[in-house]
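Asker: Single-letter residue listing:
Number of protein chains: 2
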Amino acid sequence: MRVGVYQFSPEHLLVETNLARIFHRLSRIKADLIVLPELCLTGYLFSSREQLARFAEPVPNGPSCNKIINFCLQHSINIVLGIAEAAGSKIYNSALLVTESGNVHIYRKVHLFADEKDLFDPGDLPFPVFNLGSVRIGMLVCFDYFFPESARTLALRGAQIVCHPANLILNYAQTMTVTRAQENRMFWLLANRIGVEQLGAKKMQFTGQSQIVAPDGTLLYRASADKEALKIVEINPGQALNKNVTARNDIILDRRPEMYL
Amino acid sequence: MRVGVYQFSPEHLLVETNLARIFHRLSRIKADLIVLPELCLTGYLFSSREQLARFAEPVPNGPSCNKIINFCLQHSINIVLGIAEAAGSKIYNSALLVTESGNVHIYRKVHLFADEKDLFDPGDLPFPVFNLGSVRIGMLVCFDYFFPESARTLALRGAQIVCHPANLILNYAQTMTVTRAQENRMFWLLANRIGVEQLGAKKMQFTGQSQIVAPDGTLLYRASADKEALKIVEINPGQALNKNVTARNDIILDRRPEMYL
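Residue numbers (this note's numbering), protein chains in the order written: chain A, 88 to 348; chain B, 88 to 348.
Please keep in mind that the hints were generated in silico from the structure rather than gathered at the bench.
Just so you know, even glycine gets a beta-carbon here, dropped at the ideal spot from N, CA and C.
Any given hint might turn out to be false.
[What the hints assert, rightly or not] These stretches of chain A come out as covered by chain B in the derived footprint (C-beta under 8 Å, 3 or more residues):
1) 200-209
2) 226-236
3) 239-245
4) 253-265
5) 328-335
6) 339-346
[As the list claims (entries may be wrong)] Result set (DSSO-like, lysine-lysine): computed pairs, CA atoms no more than 27 Å apart in a straight line:
7) K330(B) <-> K204(A)
8) K330(A) <-> K290(B)
9) K289(A) <-> K330(B)
10) K204(B) <-> K330(A)
11) K289(B) <-> K290(A)
[Stated by the list, open to error] Have a look at the derived ranges for each label pair, beta carbon to beta carbon:
12) R112(A) <-> L340(B): 47 to 57 Å
13) E345(A) <-> E345(B): 14 to 24 Å
14) A288(A) <-> E345(B): 27 to 37 Å
15) E345(B) <-> S176(A): 17 to 27 Å
16) Y347(B) <-> S163(A): 31 to 41 Å
17) R112(A) <-> Q292(B): 24 to 34 Å
18) Y308(A) <-> Q285(B): 31 to 41 Å
19) D211(B) <-> S163(A): 34 to 44 Å
The task is simple: from the sequences and hints, build the whole structure.
Answerer: Right, dumping it as structure tokens:
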């Protein structure tokens, strides 16, 4: 299975420009699954919930979502991306898995970071896992990685590959997601953005270093901190079905939930 | 608070020799809390449960335990060490916190590693936390670190310092315990052993690199992979009461247990 991450700097609030860039780059590659950053169509900063509401769109019937569905159908590719999702009066910081068959699966960021608490509603979907053919796919959005329960829940639901759109500004994730991959024996596709975004006094420097990690923690790829990068690697998702860290230690079967708070 | 780790190579099955070495080294330092490796009085390998039973001792009334209690009383020091504990017909791979007041607190390894499953009973104490003055202390033994639920349970019980006796042979723990410290905002004292132990065809090379980690993941100390080392650092355990990774993200309050499996 050819899986990859596309790290770039979205143009702030220029949805059409960002869509065009994504389609331009992804139309020139051959891959089964590509992960894009969090909020990659709009950028990260919004001045108010009202402004965010003008950019959030319903899924799967919103205009960007429709274009992505068509792209996936035409190019036989599966894409995970971060998007502002409007759902009735709610707005979620969501990740979508848009499949080559035109299906759209939704995950809504459960753990909101910092001032996102003023903008978004907390996710209400308890870490669903979706089939891509016979491969089980889970999604997290950015800060979710910090809570081991997020990835663990995906693992217990059978996820073999975690797709992780992010807009990281701290320096924890690149190490911590290696631990997440190891402790759950899953593949991990972290797609972080690069660049700087400013809104009034608020200035954010995103840290790049998107990475692809194997279930044993091997770093199959890590991008630079500041350059656009599109990388695809060939993996065998079946490796993530083997939970043995030693011949006698299956790290899922060895859990003792009766001992945990 | 002066806390430390003592990394050495126990002499296999020579309990008196190991006790003498420990007392010799610890009588020459000034510290509040020192962590020693897993099974540091006996070494790691046993040919059978019957052999192990001859070396396991009741707590707190066993001969080694009594000597350690006396040492702690005389030197006003708190020691965490790994020991084979006999309890009725059970044998546990335990960690003891022996206090300067002569109290003994027990934790029994919950997640047994590899062939330990033939020798020890799985721990039956769900990650208790103990007070050392006003400071809350948790213990894990070696492979427990691999399961995020272990450290998380200690954190939810208020542990500020995790004492982690180990006999590590894989290369995961030094990175993973940094993640554990960060995701729970706790201090972490990993005391690993060094050296090689052989029993018949079984040969184990232990990996050293004992380390002391701050709640933000800062590595306050890391020992070499193959040299004896006794290191003490001054810490403020109160730092572990601050769970804010950002001004608006308390990583305990931000948890959403209703979403976790």
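Asker: Sort out which numbered hints this structure fails and list those numbers smallest first.
Answerer: 11, 12, 17, 19
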